[in-house]
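Put the complex together from the two separate chains, hints included.
Spelled out, the chains give:
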Amino acid sequence: MDRMDTAFREFFAAAVAPRGRARHLVPRLADGPLTLEALAGRFRIEATERGVARLYPGRGVAAASARARQHAAQALEELGEYLAGRRAFFSVDVDLTGVAPFQARVLAQARRIPFGETESYAELARRIRRPRAARAVGNALGANPVPVIVPCHRVIRGDGSWGHYAFGGDMKTRLLALERATPALVGCASTRIVCRRGCAHEQRVGESNRIVFASVPDARSVGYRPCRVCRPGAAA
Amino acid sequence: MDEATFTRHAEAYAGRLYAVAYRLLGNRADAEDAVQRALLKAFAARASYAPRWAVSTWLYRVLSNVCIDELRRRRPPPEPLPTGGGRRAPRVEPVDLARALNRVPREARLLLALHYVNGLSYRELAKIRGISVNTVKSQLARGKTILRKALGD
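Chains A and B are the protein sequences, given in the same order. Counting from 1 along the first sequence, just add 309 to a position and that's the residue number in our numbering. Counting from 1 along the second sequence, just add 33 to a position and that's the residue number in our numbering.
Any given hint could turn out to be false.
Derived, one-sided and incomplete: chain A residues facing chain B with beta-carbon distance under 8 Å [to be verified]: (1) F317; (2) R332; (3) V335; (4) G425; (5) F522; (6) V531.
Using C-beta positions, here's what the derived DEER-type ranges look like [unchecked claim]: (7) B/A87 with A/A322: 17 to 25 Å; (8) A/A382 with B/A131: 44 to 52 Å; (9) A/H333 with B/T38: 51 to 59 Å.
None of these hints come from the bench; they were simulated from the model. Remember, predicted model here, so these are calculated numbers, not experimental data. All residues carry an ideal CB built from backbone N, CA and C; glycine is no exception.
The following block holds chain B by itself, in its conformation from the complex (with noise of 0.2 Å):
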């Protein structure tokens, strides 16, 4: 793959990359370096990419790679769960659904910023994350079940 395809499907993809990485790390530095670390990682190992891949599911692979580390290098949130006492709430708001997110373990947090940024399917989850589609099936419901609950749904 030459420079200039590169870069055109880079282009393309970089707003939703973008999005998953802000939804992992939580702000828009860390997001914009990472989408950035992991464009110059892609690029660098262009020479081992299969074309039998759609372009896209190579870029969110390297891209999972980089927030992932990311956040290995971060101390778990010391948060507690939002005391709502069963209320519940007339509406979702996005900064609830931030905070909760942060509750969600981090390989289901990353399947489930991967599913609704992209809607991606089960199986190009699992080929992102190089895991069954089983487990794409449980760690999301399992995901969404934590977001739930911390939200007092």
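Excised from the complex, chain A in its bound form (with noise of 0.2 Å):
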């Protein structure tokens, strides 16, 4: 051992936390990870042939055609699942027809921001070009129609304060929280593949194989490779 393994391997034995404050870190088990699973039938879809054009508080499903069933059935499965933490992206098909240019291109600005992650509105407006429409960016996302699948909740002000949400700040810091307690990626410490949660194989992974990355390229580095369904190299 050198010098350095020496200084390395003080450096991170300082970090251990004595015995009598480590017993406080154990938190009260009864209480359980985060999930909002209740919420999942709180909401009213409405669908077209082209995919979820509306969601908003209530209950059940509007869709004309057996097409637009098949959108709003999805599209409640991945809410579902989303809100129990087993979900970090969502794959049913956005119709957004009949919402104005600068609002759309606002709200497929806001689908990119990584899931988990936050951007203010003043960064929202930097990145659609238009750096002095922060408010107009606020406004285009008070009226988004799709909230949720749509993460306008992701949007934050400046300062780090929520703003206005269609579904209360409380639910806003609950999403939020919730995507803080569910990781993007998981590996199959068997297979060594890593998959968005919510791709149909990383749910079948067993609970001892579940690895979490950061990134692709980081799942790379240690011998993994990215699913061939849910593809989340080419994700955000």
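In structure tokens form, the structure reads like this:
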């Protein structure tokens, strides 16, 4: 062991919490991890041939055709999984026809914010090259016809406060907390394949084989390859 | 595993779990939060705990998963390399080491933390991260090289 090794060892050992404090780190186990599964039945979904067109507080589904009903059913299933902390992305189609071009750009940009991350109204305005339109961005997001699926809850004020949210500030807090507690990329230790959380393959990975990764390049660097079904590398 | 047994194990390892989280996340609040979330997750999933695993291996796995996901949400550090000009530092200061550690890629950083806090073997590290022993070795070597370079050694 050389001088550096000793320095590394001392450096890491210095962070160990003493026993007295360590005991306080053990949480009340009865609380359990956060899930919002109970909320899954509190949305009303309107779907068209092209995808989910509206989502708002209520119950049930409005869909005129078989194809629309399929979209609505898929949206309900994905919402349930998302709220239970078992899904980190939505693959259901969204129908934004009838939305004004500026709002469509804002919503498209909001969909690019990675799961579990946040961005300010001003940042989003800059990204769509309308740096002075932060307020208009806020209005466009406020009128988001498909909240949750188009993640307008990931856009917050520059000072870190929440701003307006259609389902209420408390819901925004809970959604962001849920996303914080849900990993986005999960690898399987036996197949060495990495999936997005919620992919059909990922849902079959046993608890003892689950390895969380921060990015696809990270996973590749230790010998995992991206799933060909959910294609985590192509996602934001 | 019942609640009392789990709590006993959790208390025994909490100090070292905290050290790993602290070295990865860099501040006390995030580290405490990560340990608590990891313990809640581990307790909720205790039915899937296989006795062929050491309890510590399992707890480190769950903690690693929580910390890595926490790092995912952070933007890459903008810090430039320290300009030591090739001068050999007489002593390695903890603050330099903490800064240097930030330059190590996440996977290697995690393995370094687990390795140095707990003295875990390559086999245990491989099991915790679901990778091969050779990958553990190469990642650790890579991490150490970057640390030495950043420290101007």
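Here is what the structure says about each hint:
no.	hint	verdict
1	F317	holds, 5 Å
2	R332	holds, 5 Å
3	V335	holds, 5 Å
4	G425	holds, 5 Å
5	F522	holds, 6 Å
6	V531	holds, 5 Å
7	B/A87 with A/A322: 17 to 25 Å	holds, 20 Å
8	A/A382 with B/A131: 44 to 52 Å	holds, 50 Å
9	A/H333 with B/T38: 51 to 59 Å	violated, 20 Å
Violated hint: 9 only; the structure is consistent with all others.
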